[in-house]
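Visitor: Residue strings, one per chain:
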Amino acid sequence: MTKDNWGRTLSVFKTFLKFGCFTFGGGWSIVAQMQKEYVEKKGWISNEELLDFTSVARSTPGLMIGNTSVLFGYHAAGVPGALAALLGMVIPPIIVMLGVVYLYDLVKDNLYVARAMVGVRASVVPVIFSALLKLFRSGMKDAFCYLIAAAAFCLCLFTDMSNVLIVLMGAAAGLFYREAKLRHDLS
Amino acid sequence: MIFLELFFSFLMIGFTSFGGLSMIPLISDQMLSHGWMTASEVADIVAIAEMTPGPLGLNCATFAGARTAGLAGAIAASVGVLFPTLTLTVLAAMFLEKFKQNRLLDEALFGIRPVCIGMISAVIVQQSIGNYAGTLFGFVSWPAVVIGLVSLLTLIRLKWSVARTIVLAAVLGIVLCGVEAGLPVG
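For the protein sequence lines, the chains are A and B, in the order given. Heads up: the first sequence begins at 1 in the numbering used here, then just goes up one per residue. Heads up: the second sequence begins at 1001 in the numbering used here, then just goes up one per residue.
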């Protein structure tokens, strides 16, 4: 491995260690953090790539946050990068949780903890929303995309269809639409 | 051996679920059948997992592992629940990088990206209902709504980082919920 790659691996580890402290609200807040850090600030990935990682992470088994970290880490610095991102992401929650195990009774019914959590939960939606605002245009390239997005939205909200199936249907729709368009444009 | 048992239990949970709340029945099943937690502890741990950073599955793994077999147990269970990520997702990452230039993959992703936008929008609606209102719109939590609006402002107008916004939201939660709790219940 080159020296440059080690540098990237280390940088990914440190950044994900920071991300790991603030992954509230099940997976989606990390997308907002990655958008800010790696699309806007560092320019390592595009909004499109971030959407790809998110979709694949959601449709492979296991923990979505972990999957997103691995997909990004691999892209940034290969297998060491994937491991660095995952390790960085999981260390803070594991440490916090170990603390909770020993202070269980203290934390469980603590009024201040409960109030702080009302605040944290209230900020989760704005965090996800801020990511959505930035990703929106990268995902929506033409009118057909709006149709797919609306369908996915309804399927998620009103049915209990698995996310994997919804993602696969989106892939099939994209394939058919773009292939049909290609043939049409050629003729 | 307890460590292997923890590892395989959470390995199964990892491979058969797709994160988040979908894991709860599986976790509950494994915890109860092994006698590692009681039903009320499972309910507690789900609530606590929501209060601490990190994915629910990992938090439950750490908690159950640590309670049954200390630090080593926590690590065994965590590695178990992360195993699909370490194997299948690494393969998926390799696949994605290798076929980046492939036309068919590009076309599939063209359809997948709007799905992702749709899924994120749905999550926003679901979480809004849970975080700002009672489950059946029985009440609206005003402190939560105010904190939500302030967070929106800091994130989008002031361009604060997610971390800073969450810390502010926690402080506001302690202050505003305290104020509300002090009001006469009417």
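If you are wondering where the hints come from, they were derived from the structure by calculation, not from laboratory data. Source: prediction; values computed, not measured. Heads up, a few of these hints could be off.
Now the stretches of chain A that chain B is said to cover, found in silico as 3 or more residues with beta-carbon under 8 angstroms [unchecked claim]:
1. 4 to 15
2. 31 to 43
3. 55 to 66
4. 159 to 172
Not close to chain A: a few residues of chain B, all C-beta gaps over 10 angstroms, as computed [what the hints assert, rightly or not]:
5. Leu1004
6. Ser1033
7. Gln1101
8. Asp1106
9. Val1145
10. Thr1165
Quick reminder that beta carbons are idealized off the backbone N, C-alpha and C, glycines included.
Visitor: Now tell me if each hint is right for this structure.
Guide: Verification of the hints:
1. 4 to 15: violated (count 0)
2. 31 to 43: Answer holds; 4 residues pass the 8 angstroms Cβ test.
3. 55 to 66: Result for this restraint: holds, n = 12.
4. 159 to 172: holds (count 9)
5. Leu1004: Given that every Cβ of chain A is farther than 10 angstroms from that of Leu1004 of chain B, nearest at about 19 angstroms, it holds.
6. Ser1033: Correct as stated: the minimum Cβ-Cβ distance to chain A is 21 angstroms, above 10 angstroms.
7. Gln1101: holds, 13 angstroms
8. Asp1106: violated, 8 angstroms
9. Val1145: Violated, since 7 angstroms does not exceed 10 angstroms.
10. Thr1165: violated, 6 angstroms
Comparing the model with each earlier hint shows violations of hints 1, 8, 9, 10; every other hint is respected.
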